[in-house]
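Place chains B and S on chain E using the hints.
Protein chains in written order, with our numbering: chain E, 211 to 673; chain B, 11 to 497; chain S, 999 to 1079.
For the record, the hints were derived by calculation from the structure and aren't laboratory data.
One should not assume that every hint holds.
Claimed, not checked - Only pairs whose alpha carbons sit at most 20 Å apart, straight line, appear in this in silico PhoX-like list of lysine-lysine: (1) B:K66 with E:K335; (2) E:K621 with B:K478; (3) E:K335 with B:K485; (4) E:K335 with B:K137; (5) E:K465 with B:K485.
Residues per chain are reported as follows:
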Amino acid sequence: MDLPVIEPPIAPRWVWMEEVTYSHIPIATLITAFLVLAPIFEYIGYRTKDSRYDRLAKSMVVFCMILYSPGAALGTGIPIFIIGMWPEFWSRWSNLFFWPLIVQFIFFLLDVFFLFFCYYLPWDKMQNRKRLHIFFGVMTAIFGLLIQAVWDALGAYMTTPGAPLPAVNDPVGWSPQAFFNPSYPYLFFHRFFANISWTMLLMGGVFALKYLRQKDDKEKAYFGFVSDLTFTIGFVAFFMMPFIGWGFAKVLQQKAPVAFHSIMGGHASSFFMIKMGLISIMLFLGGGYLFTRHKRKFIIGLMTAGIISSYLVLQWHPALDWLPGGPFVWRVSYTVLFLAFLIYLWMMKREGLHNRTIWKWAMFTAGLAAFFAFTFGGFTRSRARQPYNVYEQLVKVEVLPRELDRTLLYKKCVTCHHKTPKDFERYGKKDWPTRVAIERKRDGVSMSDEEAERITRYLKEHY
Amino acid sequence: MHLEFPILGAKWAIGSIALFHTAVASMAIGFAFFVTVAQIVSYIRKENRYDLLAKKVQLIHVCIYNIGTINAIGLVFLLSGLFPQFWAQLFVQFYWSIIVEEFLFFLLATTITFHYFFWDKLWGHKKLHIFLGALLTPLFFLQFYIINGLGSFMLTPGFGEAELSLRTGVLGWDKMGFYNPSFLMLTLHRTLANFAYGGFSAAGLCGIFLYFAKKPKLKEFYEDGGRLAFQIAFMAFLSLPVAGYFYAHVLKNHANEAYMNLMWGRGDVVAGGVDWWWLKHICVAAMMGICLTYFRKTSSADKEFTIPAIMVYSVAVLYLMFYLAMGMVMTWAFFWFMLAFGVGGAFLSVHLLKYHGGSGRGVFLLIGILSFTTVMLGGYSREASRPRFVKRISHYDKVFVPEERQPYLMVHVDPEDIPKVTPKEKASGPASLIRENCSGCHTLTRVKNYPLDNWQVIVSQMEAYGLKLTREESKLITAHLDSGRPY
Amino acid sequence: MNEKTEEKENSEAQEQAAQESKEGGSPEKAPKWESELDVYPLREPSDDPRWAVRTVWIWTGFAIAALIFIFTLLVLGAIYD
Chain E
211 MDLPVIEPPI APRWVWMEEV TYSHIPIATL ITAFLVLAPI FEYIGYRTKD
261 SRYDRLAKSM VVFCMILYSP GAALGTGIPI FIIGMWPEFW SRWSNLFFWP
311 LIVQFIFFLL DVFFLFFCYY LPWDKMQNRK RLHIFFGVMT AIFGLLIQAV
361 WDALGAYMTT PGAPLPAVND PVGWSPQAFF NPSYPYLFFH RFFANISWTM
411 LLMGGVFALK YLRQKDDKEK AYFGFVSDLT FTIGFVAFFM MPFIGWGFAK
461 VLQQKAPVAF HSIMGGHASS FFMIKMGLIS IMLFLGGGYL FTRHKRKFII
511 GLMTAGIISS YLVLQWHPAL DWLPGGPFVW RVSYTVLFLA FLIYLWMMKR
561 EGLHNRTIWK WAMFTAGLAA FFAFTFGGFT RSRARQPYNV YEQLVKVEVL
611 PRELDRTLLY KKCVTCHHKT PKDFERYGKK DWPTRVAIER KRDGVSMSDE
661 EAERITRYLK EHY
Chain B
11 MHLEFPILGA KWAIGSIALF HTAVASMAIG FAFFVTVAQI VSYIRKENRY
61 DLLAKKVQLI HVCIYNIGTI NAIGLVFLLS GLFPQFWAQL FVQFYWSIIV
111 EEFLFFLLAT TITFHYFFWD KLWGHKKLHI FLGALLTPLF FLQFYIINGL
161 GSFMLTPGFG EAELSLRTGV LGWDKMGFYN PSFLMLTLHR TLANFAYGGF
211 SAAGLCGIFL YFAKKPKLKE FYEDGGRLAF QIAFMAFLSL PVAGYFYAHV
261 LKNHANEAYM NLMWGRGDVV AGGVDWWWLK HICVAAMMGI CLTYFRKTSS
311 ADKEFTIPAI MVYSVAVLYL MFYLAMGMVM TWAFFWFMLA FGVGGAFLSV
361 HLLKYHGGSG RGVFLLIGIL SFTTVMLGGY SREASRPRFV KRISHYDKVF
411 VPEERQPYLM VHVDPEDIPK VTPKEKASGP ASLIRENCSG CHTLTRVKNY
461 PLDNWQVIVS QMEAYGLKLT REESKLITAH LDSGRPY
Chain S
999 MNEKTEEKEN SEAQEQAAQE SKEGGSPEKA PKWESELDVY PLREPSDDPR
1049 WAVRTVWIWT GFAIAALIFI FTLLVLGAIY D
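Next up, chain E with everything else stripped away, as it sits in the complex (with noise of 0.2 Å):
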């Protein structure tokens, strides 16, 4: 198909693909990560006859119902702006996974269904079938996580491709290999507990406020009891996240190395940055206020495995490379901060100060940072993949000479071992065109004269 491309005003075209995703995606995953929890928490609360859970579940459900509109609404808004600027994409993508696209909008209906006329409607009338309701709320996650599995499939693809992508008059409808590629499952868990850990975190501190300005001394107890509850929860849940997360790393690395290159000190490296450092307040102030709070040793003991646990898949990760001074001087670096950052925990264990102001502003302040840490996650995702529509398989339309020759660079010189494109600023001698000359001489190394320029021109602009 011969089609045309349309060109967007104002801002370039990823710009107004990154708004219009960036309006949905905070409000679907909050959506998911509530539904999950909303019939865990009511089930505790029937069990425990504590009002408190189900006010806090019926709560969460509402605030679902208010924003799943304008949310969907928003969503609808992705495919239209990407069948207008990247036509081919979506043309050849749309056909391979045309049946996942139809059972996921199947899913969607029946999430609405028993979201809608199952859950929040009989809420109240419901109160003497309980069991039958949580059931309801129930197959509302259920179908909610569908929803999620399916696009988490769709979206891994673009990264790695487990398949190729069709042409457009090249029928395929459905292919498990491009179904389940190889990031997928990663990227599934990464945004599950990602979902539940910052949506957590975002309310406890939002609850907190609540708790400040409460006048009621009995609503002054349920929002501090609530603030703490999910504050906690999101807590806890980050800690699955760097075990995912290193997984997830080292399948970009052996099947989409120019986007684990793009993150590991490469053009998208300062997103990643700025993640790590959200990630990092987010646990200084969050760490903090918890080891404040609770008395109890299970949590502390939980929390202090998951921050050990942290600093071993650090271990285990190939060192990064970034500070001067090579791998030792990295790995002396965090190690000293974690111990820093774990005496600070345990100096912080005292009792009776969690309820002073300052310390709620903290936890909100925490999970604005785990919010933000979970867009840029996405954002440096989105662009580690560039200049590329689906990995190694299309190029996107507007892109330009540069991002092809940076790819070229990262694909042919950045490959060996675990260098990172940060020994590029490292090299001393900036000779350039000597250095390629003597590194395409190499055994093994296949470089036309063409790719030796352009990479060559590259070196020399950027580094």
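For chains B and S alone, kept in the frame of chain E given last:
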């Protein structure tokens, strides 16, 4: 070659989802209008009952709105897979219209949500709340104004005007295609039809609630609410033949084949031995009979919300004239059929009112069901009458690209210049596999000088560093290196 | 975040619903909706939560501006290609 949809086939898959979407979306439009009228009536009279009913209807509206939204996205997926060229063509012509449509979607979704969920919080600002709800109607109007541009274009694309405007304008905005011959009549007809459908559906809901209501006060509440909804719908319903007549006139001139298919029962308008357009008119005639009888039986001065009888009867004559005209154009059987069903509907209405002791519950429920059926059948007939729909994508074997506008409307990259990703030739045999894969990063001497002889560990280590091998390749390489053979 | 301000009311509604269901629609006490039918509960503007009024005003302003913008687009689109 294209994707096929099993059992239903591509046409019916699209058709069924599109009809369902239309039924839900049209109901949403009608509900929005009804809610505003009910709130205003309530405010003027300072009576809460209509406001309460409006709130109930708005809650159902919030729920069905989401179903409509999700249906729309299902439709996008189906069209993308089953009619890719047609779909791409529509984007060439109406991309910007669809983007505005999307924006309206968001505005509507948020306005509905705020209107419902802030209901009890704004009793001190009631006028503001009613105004917020009233915003829904123009927003909905604009939204289906846009979709009517696309829908009517598919039926009456004009005589080449569309292509002309596409050649001279902005890519994604086809002025003449959008404002095509049947655009105005379709919009007018659908506006009135949606008001009628929404009102009758609200009356139908009241009918259902009336069947379950036990307490007299509640019965009265639904009876009055149903009556208000009915009257709003009836007024819109009465004016439909006027718009319908002119709509048919436009079709006769600009989509003659579709007109013929409708009038003489050809093509897909007849399916399974049933002329679905006739069936739609049979429903309409029955509805007219029901409405007139209910109106006559309940239009005494002491009842609320009466419409001037002279207006009702004079417009009802137009219906009769429409059937007479259709009898003359097509066949007199049409006229007699409609008359028979009109009279039948009237008798049924009398019976239902008598059976329920003067309560409109049966009439409300019946009119709700009939209006839903009519909307579905009307939508189906319109789509089925269009030859393009029947012949699938034969008209769009190549998407029209306005060449002369390419240089400034498209990005400044010639797709030919984008290097294609060419798959590397795969080396075969363990020796060449080693040469190719290992020497990508270091010399082969380094492989030969490795002090360890546990090659499985070394190869796995290399894979961890980023070497891409299939499981078979990995085994072949390890076995070859273990054996110490040359490479 | 709206859900938190809703909570108090939700909880009240919930308690009330539970109360109603316990009563099993006893003939002695009329249900809540019946009393709601009789009064049109207008109140002083100052009794409305300020954040709700502010949110609705902002949204109404935005929606009107958007309506005007879209309407202008359609009119201009009808004039120019």
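Quick rundown of the hints versus the structure:
1. B:K66 with E:K335: OK: K66 (chain B) and K335 (chain E) at ~16 Å, within 20 Å.
2. E:K621 with B:K478: Satisfied, since the Cα-Cα distance of roughly 12 Å is no more than 20 Å.
3. E:K335 with B:K485: violated, 64 Å
4. E:K335 with B:K137: With Cα atoms ~32 Å apart, K335 (chain E) and K137 (chain B) exceed 20 Å; violated.
5. E:K465 with B:K485: Distance ~19 Å between K465 (chain E) and K485 (chain B) Cα, so the pair holds.
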